[in-house]
Amino acid sequence: MNMRSLIVPVVAAAVLLLSTAFSSLAAGVRRYSAAAERGWTSPAPDRQPDLTQADEVDLDMDEYLYGHVRDSYEWHITTINGHHVSIPLPVIVISKAGSGAHVFSSKHLEEGEYQGFWIAPDGKYANKIVEKGPGGEQIRPWDFSITKNVLGLMINSAILVLIVLLTARWYRKHDAAEEAPAGGTGIMEMMVTMVEDDIIKDCVGEDYKRYSPYLLTAFFFIFINNLMGIVPFFPGGANITGNIAVTLVLALFTFFTVNIFGNKHYWKDILWPDVPTWLKVPIPLMPVIEIIGMFTKPFSLMVRLFANILAGHFMILGVIAVIFLTAKMGAAVNGGLTVVAVILGVFMDCLELLVAFIQAYVFTMLSAVFIGLSRQKEKTS
Amino acid sequence: MSLITPDFGLLVWMTLIFGIVFFVLAKWGFPMITDSVQKRADRINESIKKAREAEERLRNLAAEQDALVEKARKEQAAILKEAAASRDSLIEQAKVQARDEAAKILDQARTQIAAEKESALRDVRKEVAVLSVAVAEKVLRKDLDDDSSRDELLGRLIDEL
Chain A
1 MNMRSLIVPV
11 VAAAVLLLST
21 AFSSLAAGVR
31 RYSAAAERGW
41 TSPAPDRQPD
51 LTQADEVDLD
61 MDEYLYGHVR
71 DSYEWHITTI
81 NGHHVSIPLP
91 VIVISKAGSG
101 AHVFSSKHLE
111 EGEYQGFWIA
121 PDGKYANKIV
131 EKGPGGEQIR
141 PWDFSITKNV
151 LGLMINSAIL
161 VLIVLLTARW
171 YRKHDAAEEA
181 PAGGTGIMEM
191 MVTMVEDDII
201 KDCVGEDYKR
211 YSPYLLTAFF
221 FIFINNLMGI
231 VPFFPGGANI
241 TGNIAVTLVL
251 ALFTFFTVNI
261 FGNKHYWKDI
271 LWPDVPTWLK
281 VPIPLMPVIE
291 IIGMFTKPFS
301 LMVRLFANIL
311 AGHFMILGVI
321 AVIFLTAKMG
331 AAVNGGLTVV
341 AVILGVFMDC
351 LELLVAFIQA
361 YVFTMLSAVF
371 IGLSRQKEKT
381 S
Chain B
1001 MSLITPDFGL
1011 LVWMTLIFGI
1021 VFFVLAKWGF
1031 PMITDSVQKR
1041 ADRINESIKK
1051 AREAEERLRN
1061 LAAEQDALVE
1071 KARKEQAAIL
1081 KEAAASRDSL
1091 IEQAKVQARD
1101 EAAKILDQAR
1111 TQIAAEKESA
1121 LRDVRKEVAV
1131 LSVAVAEKVL
1141 RKDLDDDSSR
1151 DELLGRLIDE
1161 L
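These protein sequence lines are chains A and B, in that order.
Under the numbering used here, think of the first position of the first sequence as 1, with each following residue one higher.
Under the numbering used here, think of the first position of the second sequence as 1001, with each following residue one higher.
Just so you know, these hints were derived from the structure itself, not from any lab.
Keep in mind it's a predicted model, so treat the numbers as computed, not measured.
You may find that some hints are simply not true.
[Stated by the list, open to error] Reference excerpt, derived from the structure (chain B facing chain A, CB under 8 Å, subset only):
{"hint": "1", "residue": "Pro1006"}
{"hint": "2", "residue": "Trp1013"}
{"hint": "3", "residue": "Val1024"}
{"hint": "4", "residue": "Ala1026"}
{"hint": "5", "residue": "Met1032"}
{"hint": "6", "residue": "Ile1033"}
{"hint": "7", "residue": "Thr1034"}
The beta carbon of each residue, even a glycine, is placed where N, CA and C say it ideally should be.
Please model the complete structure; the sequences and the hints are all you need to start from.
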């Protein structure tokens, strides 16, 4: 009873405190806007704005939104007084113009061109490293840089591997038939069991054991990357599962798993489905549709995860942007909207926690369903 | 739009990283966990089955016990009945035997008495005969001295004959 009556004043106080903090931040927003104008990933020296005139600069909404969700060559943490605080990451490029492989820190690119490479400010390859091609035009070198997303992937993967191996270690050291784990191992066991029992066993069918490691890995990989994407500061915050390359690879893994291990019945259903013959000969209408279906299934997996996570990032960024967009409208409007933005932000974060789980669940479940369909036995009727 | 065009470098890295994570977790991570959990689930199912069997056996045991008690009671009754019968028959037999024995003893006594009586009679008869002879001798001796009495005696003896 006491706890419940405490919650309301505590939450109110927290919101008030946060909004005053943000309101005072609004004074600094002009500098932030200036920095945004400069752009985080293409800091060409000639575009450096004059900080004394920063009052006139508006928040560059495009740069703010896309700058947060796209991949970049450095890990931007914050901007203090116009100075970027960011972690420089290694750039690994192999020139297509013939100057060989180059490895250097991305901080050299802040000043512009380095070893013949620079970050294109706009055009077809905006925000990517380019070099001068033989005809003088901008071309993309082979770019294997450890970007923000790659580093994020590495960190999250390390965390995931650590968590799972530590959990597995418990089972190696204990007799699971005699005792049940508690704490973190217990939570992991609960989640692994949930995924295995609710998704894998139900959707794949009888030979689920063969696919269980892949589906579990996919689930936890997506889940941890989704969660880390919500964390707003360093090891988190990278928009990994909201990147189409990442979801494409995940979808390809499912695609190959489905089509490599598909049985005879699966291929017969694609190439010679049970429909009236005129739908198959002379124009192979159904086989064509089925073959297109083979590709649309993983394609939908790729787009669903990508779009959901990207949209989530956009929504949180949009809600937070309200604070900075209204900075110039006076203390009352800004303060009021800050309270709204904080409340909405908390709501959106909670929603994203849910989405992080749901999308991992949905990806795993649909992968399991596709695998299950490819392993179906011929109906005996 | 750079957002919907997959970057080649990231594709390569993602494939590599996910591949490694998959390999490591599939080899040392998840199978260990799922197998252990499966083992525990099997163990629990088995325990439940065993408990049910034990319960079943216990219930059977109670029934068996009841049956055993019932049987024992019946047997007891039968034994008691039998004992009573055999006791009765024993008593009967003993009675018969006693009666026979008594009759036998009585018979023996009777024959002995008869024999005794016979021998006593024989003795008495012999004694009487001796006595008679002695008396007769005495009488004869006195009477034969006297002719008249000898004749009278002869006459009487002849008459008697």
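Cross-check of the supplied hints:
1. Because the smallest distance between the Cβ of Pro1006(B) and any Cβ of chain A comes to about 4 Å, under 8 Å, the interface hint for this residue holds.
2. About 4 Å separates the beta-carbon of Trp1013(B) from the nearest beta-carbon of chain A, less than 8 Å, and the hint is met.
3. Taking 8 Å as the C-beta cut-off, the interface hint given for Val1024(B) holds, the closest approach to chain A being about 6 Å.
4. Proximity of Ala1026(B) to chain A holds as hinted, the smallest CB-CB distance being about 4 Å (cut-off 8 Å).
5. Taking 8 Å as the C-beta contact cut-off toward chain A, the hint placing Met1032(B) at the interface holds, the least distance being around 4 Å.
6. With a cut of 8 Å, the hint placing Ile1033(B) at the interface with chain A holds, because the nearest CB-to-CB distance is about 5 Å.
7. The beta carbon of Thr1034(B) is positioned within 8 Å of a beta carbon in chain A (closest approach about 6 Å), and the interface hint is therefore held.
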